[in-house]
Amino acid sequence: MWKRVLETTRKAAAATAAAATPELATRKNPSSSRCKAVTPATAVSPEVLLRLKQAASSKRTNLPPTLPDAQDVATMEEENPSGGFTQEILSILNGPDDAEELRRMELPLEESEDAEEFVANKILDTEWIAVPPPSNPLAAWRREVAREKKKRYMFKNTESHRFSRLMQKCADKLGAESALEFFGKLGRYTGAKEFNALIRICLTKAKACKDIDSAVEHIYRAYRLFEMMSDRGFQIEEDSYGPFLLYLVDVGMSEEFEMFSAFFKDANPQSNSRIAYYEMLLWIRAQDEEKIQELCHSVENFNEGDYDMAESYMLAFAERDRKSDFIRLLELVDPTKILQSKYLSTIFQYLGRLQMKNYAEKLLQQMRSKESGVGKLSSIIFEYAANIPNIAVEDVIESFNRWHEQFEVAPSIFASEKIISLCCKSSKISLALDVVECLCKSNPNATVELFNPIIHACEQGSEFHMVHPMYDLMRRHKLNLKSETFRSMIMLCVKMKDFEGAYNILTDAEVSGDISTVSLYNAIMLGYFREKNHNAAQMVRAQMQIARVKPDSETFNYLILNCESEEKISEYHDQLRQEGIHMSKHIYMSLVSAYARLGNFDMAKQVLQNKEIQPKCLNEIKSALVGALASNGKVLDGLIMYDEIKQSGCCLEPKAAVALIENTQTKGQLDRLYQLLEELSDSSIWFDGCSRVLLYCVRHNHPNAAIDLLKQLKEKDEMSTYMVIDQVFCQIWDMDPVNLDIGMEILHAVKELRLNVSRTSLDFLLSACVKAKDSNRAQLIWTEYKSAGFPHSVLTSLRMYQALLLSQKKAAAKKLLKKIPKKDVHVIYVIDSCQKTYCSQDLALSSASRSSSKKRAASKVGSTCEPAASGTLSTHFIQDKGQEAFQNEAEEAQTGP
125 MWKRVLETTR KAAAATAAAA TPELATRKNP SSSRCKAVTP ATAVSPEVLL
175 RLKQAASSKR TNLPPTLPDA QDVATMEEEN PSGGFTQEIL SILNGPDDAE
225 ELRRMELPLE ESEDAEEFVA NKILDTEWIA VPPPSNPLAA WRREVAREKK
275 KRYMFKNTES HRFSRLMQKC ADKLGAESAL EFFGKLGRYT GAKEFNALIR
325 ICLTKAKACK DIDSAVEHIY RAYRLFEMMS DRGFQIEEDS YGPFLLYLVD
375 VGMSEEFEMF SAFFKDANPQ SNSRIAYYEM LLWIRAQDEE KIQELCHSVE
425 NFNEGDYDMA ESYMLAFAER DRKSDFIRLL ELVDPTKILQ SKYLSTIFQY
475 LGRLQMKNYA EKLLQQMRSK ESGVGKLSSI IFEYAANIPN IAVEDVIESF
525 NRWHEQFEVA PSIFASEKII SLCCKSSKIS LALDVVECLC KSNPNATVEL
575 FNPIIHACEQ GSEFHMVHPM YDLMRRHKLN LKSETFRSMI MLCVKMKDFE
625 GAYNILTDAE VSGDISTVSL YNAIMLGYFR EKNHNAAQMV RAQMQIARVK
675 PDSETFNYLI LNCESEEKIS EYHDQLRQEG IHMSKHIYMS LVSAYARLGN
725 FDMAKQVLQN KEIQPKCLNE IKSALVGALA SNGKVLDGLI MYDEIKQSGC
775 CLEPKAAVAL IENTQTKGQL DRLYQLLEEL SDSSIWFDGC SRVLLYCVRH
825 NHPNAAIDLL KQLKEKDEMS TYMVIDQVFC QIWDMDPVNL DIGMEILHAV
875 KELRLNVSRT SLDFLLSACV KAKDSNRAQL IWTEYKSAGF PHSVLTSLRM
925 YQALLLSQKK AAAKKLLKKI PKKDVHVIYV IDSCQKTYCS QDLALSSASR
975 SSSKKRAASK VGSTCEPAAS GTLSTHFIQD KGQEAFQNEA EEAQTGP
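Plus 124 on top of the position in the sequence shown (first one is 1) and you've got the numbering used here.
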């Protein structure tokens, strides 16, 4: 295997720069989507509004004028993911002003042969902190603060999004080693974090390779980076070599592992014990018991210096669930050494997973006798209890409390936070509140931050009703609530349409007098707009004026987005200017959406001509315009705007791309939809867009493309693919005329992909056969129910009965009719309607029976079951007294026999 590395070395020495990969882009969804109309909201009593007015007027001092939004200041830190490589590097390194300068420059060399060299020199010669003449002192101050932060932290914080994008871009375009040379020419210091970032990129590319031979090239590049680190005197720590060795273990490259581990040990002799952990994982994966036992015997008679080695082997055994080997080493190790280990929490996690209660209790007893920190002991108890296999949350809490009582310690806030998070992940909101209440009673230092995971869980699980016990608990224990907490409580009330409760919380916030309440008013206003209650939303704006609460950009964002006339848009735009509020990108996007919704597409396009729009925000606003055009019937204009965005080197925002995909319905646009699908990098958004393209392929008869997309959907998310398959067969049934050919092809493809066909899909496909009057294919679908393990339900039998009658297969229809239960009056009525429409009198029920069934059905369903008109069949299945409801409507033209 190592020979492949040497061969790759020779290839890499003669190779040119690595091929560029597709550009990365940071995409953010605009928050300007409109919700569908829902049921009316609960009314707010006059007493609540009066209390709010009194609270607002009784404040001792007015709140100071609001400073520019934190959101607006944060936008100074965002990168422009669009443009060519030169613009992207400049936008990452220097911020928006230098990118704007480059954008406005018209260089005559741009089209010449020296253009590339000129641009490259321009990058290298550009100053990193370039300050333009300040036209606006406040804006200049903001830029200065942002640049100081860049100067101080950009190359010191590996986790920075800006730094990660920069390293990814340079490594993709230039190659890892050329990227380092690039930074060297810029005069910037290249440290261990920069090397680690590039090594991670090489490792990611190696993992993406389908075979080991392809991955060796990236392994060699990572090795070269390790060599450069060592040559420059950097210590190669576990953060650097750990993921690399773990990858070699996973792919089973034992020879390479031994050589690389020897290199790391030479470069950092202190890493011997930690490398032993990865070495043991390697032999466990290779199932080399002889080597495993050899390593174990090497530490059986260990001294003080061998403890770290034994600990690493012990952790590896626990990681791979080798309980007997783990116990053997655990009994050899001095417990005091374990209690001092930095891996103590990990060891207790393994003790819980392996259900070694006696060992855990012994170690905890020694911790308690040595009077270790109570907080540390409480956290260790949680790690054990939470990792017991197949344990319910209630049992975790019971075990957690029992161990605390046994060792006579009180639960720490940190451990209780973990318990609360565990309850929230399991959707046990009431249980989480009980834990919080117990903690508030026993610990006076409890803070309102304990509720953050509970609030998040309520939002994710739609358990909005839990806001009231949650807020009562906060008030009962007199916790100091912050503005964010008040807003979260109000948002939960608004989502459950409890506006009176929202106003009560707002009044409490006003009474407190030390927080800004503009975001709270905005939350209530947004709730009313979602309910399509524009009058109530305007009332909120009036209440803000009475309370002397100055609106912010978010306020006008909601007002403009929901305007019902262009005059209102102009009015709010003027008010915004008068208030001196900064025009954020969200306001521009709201202007675009509002004008497009009102049909004034020219004004929507003119918004982009505003000179005040910052260059880094321009692409998002253009994308908002594309989405607005597509959603309001101007798909062609949206596609033209999309082409302009691509020609400028930018990327379309995901929400706009999905809007174009959804609204592009004309034939001959499949290639265009594929192009739009490539704009989606987020997996969930891509899945949504791909499913819409699949439906387009079904609608316009592209079976091969549809099957290929179905394969991709399965690879991405198999469970969600079943829902898409149901939608596909539903669309086939809904088409006019019905295309059964593509339906049968997709059914065959679903079975070849080893996906389970749902009853819903078969029902739609059988109904499509009835609609197409194709009894032969109906018979094939009928047999598919048995193959899929589904019994024939009454509804399925009625569909098949109708298909047989349509094809005049009277004998088969009569035989099936005997098997259909006729206890339900609605079933009798449907049978009667089918016979009346499709059959001659010899198969019809007796007139007396038919009349009786009609009367009984009519007495229960009334006008819903009117007799079908001549030549048509209209069947309705109605829910009756809590029984499972099913409804089927079909109209078939039938010529009499």
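One or more of the hints may lead you astray.
What the hints assert, rightly or not - Derived pair list, reagent style EDC-like, types lysine to aspartate or glutamate, alpha-carbon separation capped at 16 Å: (1) K552 with E522; (2) K486 with E455; (3) K542 with E583; (4) K729 with E768; (5) K835 with D812; (6) K542 with E573; (7) K897 with D860; (8) K602 with D632; (9) K542 with D558; (10) K621 with E608; (11) K317 with E361; (12) K389 with D432; (13) K389 with E362; (14) K552 with D519; (15) K602 with E583; (16) K466 with D432; (17) K838 with D812; (18) K729 with E690; (19) K758 with E786; (20) K461 with E443; (21) K621 with E583.
Stated by the list, open to error - Using C-beta positions, here's what the derived DEER-type ranges look like: (22) S931 with S911: 19 to 27 Å; (23) I515 with R672: 53 to 61 Å; (24) E608 with T790: 33 to 41 Å; (25) F538 with N724: 20 to 28 Å; (26) R444 with S772: 46 to 54 Å; (27) S917 with E608: 47 to 55 Å.
No lab work stands behind these hints: they were computed from the structure. Where a beta carbon is used, it is the ideal one built from N, C-alpha and C, also for glycine.
Results for each hint:
1. K552 with E522: 15 Å, holds
2. K486 with E455: 11 Å, holds
3. K542 with E583: Not OK: K542 and E583 at ~19 Å, beyond 16 Å, violated.
4. K729 with E768: Within the cut-off at roughly 13 Å; holds.
5. K835 with D812: 15 Å, holds
6. K542 with E573: 13 Å, holds
7. K897 with D860: Cα-Cα ~13 Å, so holds.
8. K602 with D632: 12 Å, holds
9. K542 with D558: Holds, at roughly 14 Å.
10. K621 with E608: 20 Å, violated
11. K317 with E361: 11 Å, holds
12. K389 with D432: Judged against 16 Å, a Cα distance of about 15 Å means the pair holds.
13. K389 with E362: The hint holds at about 11 Å.
14. K552 with D519: 13 Å, holds
15. K602 with E583: 24 Å, violated
16. K466 with D432: 11 Å, holds
17. K838 with D812: 13 Å, holds
18. K729 with E690: 15 Å, holds
19. K758 with E786: Roughly 13 Å separates the two Cα atoms, so the pair holds.
20. K461 with E443: Since the Cα atoms of K461 and E443 sit roughly 20 Å apart, the hinted pair is violated (cutoff 16 Å).
21. K621 with E583: Status holds; Cα separation ~14 Å.
22. S931 with S911: 19 to 27 Å: 22 Å, holds
23. I515 with R672: 53 to 61 Å: 55 Å, holds
24. E608 with T790: 33 to 41 Å: Violated - the Cβ-Cβ distance for E608 and T790, about 47 Å, lies outside 33 to 41 Å.
25. F538 with N724: 20 to 28 Å: Violated: the Cβ-Cβ distance is about 56 Å, outside 20 to 28 Å.
26. R444 with S772: 46 to 54 Å: Because 53 Å falls inside the window, the suggested range holds.
27. S917 with E608: 47 to 55 Å: About 51 Å separates the Cβ atoms of S917 and E608, which means 47 to 55 Å holds.
Against the hints set out earlier in the document, violations occur for numbers 3, 10, 15, 20, 24 and 25.
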